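Here is what each chain is made of, one letter per residue.
There are 2 protein chains.
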Amino acid sequence: MRYFMTFSYDGSKYNGYQKQPSVKTVQGEIEKVLRKINSNKAITISASGRTDAGVHALNQKAHFDLNKDMDTNTLQNSINKLLPNDIYVKSIEKVSDDFHARYNVKAKEYIYKINMGEYNPIEKDYVYQYNKKLDVADMERAMKYLEGTHDFKSFTKAEEKYEDTVRTIIQTNLIRNMKDPYHITLSFFGTGFLRYMVRNIVGVLIEIGEGKRKSEDIIDIMDAKDRTVSGRTANPEGLYLKDVFY
Amino acid sequence: MRYFMTFSYDGSKYNGYQKQPSVKTVQGEIEKVLRKINSNKAITISASGRTDAGVHALNQKAHFDLNKDMDTNTLQNSINKLLPNDIYVKSIEKVSDDFHARYNVKAKEYIYKINMGEYNPIEKDYVYQYNKKLDVADMERAMKYLEGTHDFKSFTKAEEKYEDTVRTIIQTNLIRNMKDPYHITLSFFGTGFLRYMVRNIVGVLIEIGEGKRKSEDIIDIMDAKDRTVSGRTANPEGLYLKDVFY
Numbered sequence: 001m002r003y004f005m006t007f008s009y010d011g012s013k014y015n016g017y018q019k020q021p022s023v024k025t026v027q028g029e030i031e032k033v034l035r036k037i038n039s040n041k042a043i044t045i046s047a048s049g050r051t052d053a054g055v056h057a058l059n060q061k062a063h064f065d066l067n068k069d070m071d072t073n074t075l076q077n078s079i080n081k082l083l084p085n086d087i088y089v090k091s092i093e094k095v096s097d098d099f100h101a102r103y104n105v106k107a108k109e110y111i112y113k114i115n116m117g118e119y120n121p122i123e124k125d126y127v128y129q130y131n132k133k134l135d136v137a138d139m140e141r142a143m144k145y146l147e148g149t150h151d152f153k154s155f156t157k158a159e160e161k162y163e164d165t166v167r168t169i170i171q172t173n174l175i176r177n178m179k180d181p182y183h184i185t186l187s188f189f190g191t192g193f194l195r196y197m198v199r200n201i202v203g204v205l206i207e208i209g210e211g212k213r214k215s216e217d218i219i220d221i222m223d224a225k226d227r228t229v230s231g232r233t234a235n236p237e238g239l240y241l242k243d244v245f246y
Numbered sequence: 001m002r003y004f005m006t007f008s009y010d011g012s013k014y015n016g017y018q019k020q021p022s023v024k025t026v027q028g029e030i031e032k033v034l035r036k037i038n039s040n041k042a043i044t045i046s047a048s049g050r051t052d053a054g055v056h057a058l059n060q061k062a063h064f065d066l067n068k069d070m071d072t073n074t075l076q077n078s079i080n081k082l083l084p085n086d087i088y089v090k091s092i093e094k095v096s097d098d099f100h101a102r103y104n105v106k107a108k109e110y111i112y113k114i115n116m117g118e119y120n121p122i123e124k125d126y127v128y129q130y131n132k133k134l135d136v137a138d139m140e141r142a143m144k145y146l147e148g149t150h151d152f153k154s155f156t157k158a159e160e161k162y163e164d165t166v167r168t169i170i171q172t173n174l175i176r177n178m179k180d181p182y183h184i185t186l187s188f189f190g191t192g193f194l195r196y197m198v199r200n201i202v203g204v205l206i207e208i209g210e211g212k213r214k215s216e217d218i219i220d221i222m223d224a225k226d227r228t229v230s231g232r233t234a235n236p237e238g239l240y241l242k243d244v245f246y
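As they're listed, the protein sequences go chains A and B.
Quick note on the numbering used here: the first sequence kicks off at 1 and runs consecutively.
Quick note on the numbering used here: the second sequence kicks off at 1 and runs consecutively.
Everything labelled a hint here was simulated from the structure, so no lab data went into it.
All of these numbers come straight from a predicted model, not from anything done at the bench.
Careful, some of the hints might be misleading.
[Said to hold, decoys possible] Cβ-to-Cβ under 8 Å is the rule here; a few derived chain B residues that face chain A:
id, residue
1, THR6
2, SER8
3, TYR88
4, ILE122
Glycine included, every Cβ here is placed at the ideal spot set by N, Cα and C.
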């Protein structure tokens, strides 16, 4: 029986989503709990993709197989009771055996939060504390150049070996709340993302907001297909996997 | 030379504001830093009041004396460099020697944040996770009965010895954001607050929101001047000292 779950986590205390020996990871914590529920037999979960250390998820998705047919509400409650309080299963449903939480992904949305106001200790793990004003209109203009199908090679880790670095960003948005002009949220909705792609894009967008680069420079950066021409990788704490679509 | 500072902190990792032997407190951390700046001579800071374990501050205020006349920006930067990143000094100014950060308080504002939506691990230390709907209109009505000068004995810790438990709440507000109907913020602006007063008031407001008590019941609870007739103490993580006025 295949189960498909939606879960959220605070990534600040984890060495990323993906299981690794001898460090605390989100996958590791969930599999430890599932093992207990499964009469101490190991279970591997397959998520929509990994998130890096310090990155959060509002709606991460994963599937796993259990030999027993369980009521999904009971299963959800049992898992949540055993999980640490910084990981939470929001829902579980039964799916057919050929459904795969990674291979079947149609699109994902990431958001990146920036505080341009004063340093706020309460948000230190949840927002990138830039703490200075950025030219938001220039950043928004640059984001629009990213929409469409492009080779995003300049925005992935140079060492990553991808056969194909072409991806499609369907829509970008820069969200502001007029009651709080110091916080902005950048959203990226696309059919696929390369490793570090959003944080490397945000690194360039911040340089554009600082006036160090022009909005149009982002086109040249894409065209170069070279990681060394883009900017730094923006901090992980501002990044959230917001949703995954199938 | 007397200095007056405004600072914010994430209370989630502290045993409250007030210094205590052998546990981590906000005052203890700040005084440790000031001692380093003051050639290893101890300095005591006097804050506007204490906050309990897990409670946050957006604008806490305190004064302290230094034997040297320092530039306030330099002093602020030196302190922030040495403080842990969950405490932040927002500003420092010089004040006259007869100014006292506690005795001269004219009013304070506290806010209390509640999540009536789904449990969110990202906010677990920063919002009270009630995770069910509350009747917000009834709560707002009850808050209005608190405005004015009343004896708030029913809302303080029974063991606290106060000579006088009469306080004035100038204004209350229940703040909602139409884009996010699941989060509410209760604000209390008053000339003085008893220990646990806001959290004990919120405990009763939640029971009113649950329909277990009527809005008007809050008048009877005040009239009783008896802690046992009010409700439970609401969780600390939702509470913020928002501002102090002189």
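Against the structure, the hints come out as follows:
1. THR6: violated (10 Å)
2. SER8: Cβ of SER8 (chain B) sits 6 Å from chain A, so the hint holds.
3. TYR88: holds (5 Å)
4. ILE122: holds (5 Å)
In summary, the structure is inconsistent with hint 1 from the numbered list given earlier, while agreeing with all the others.
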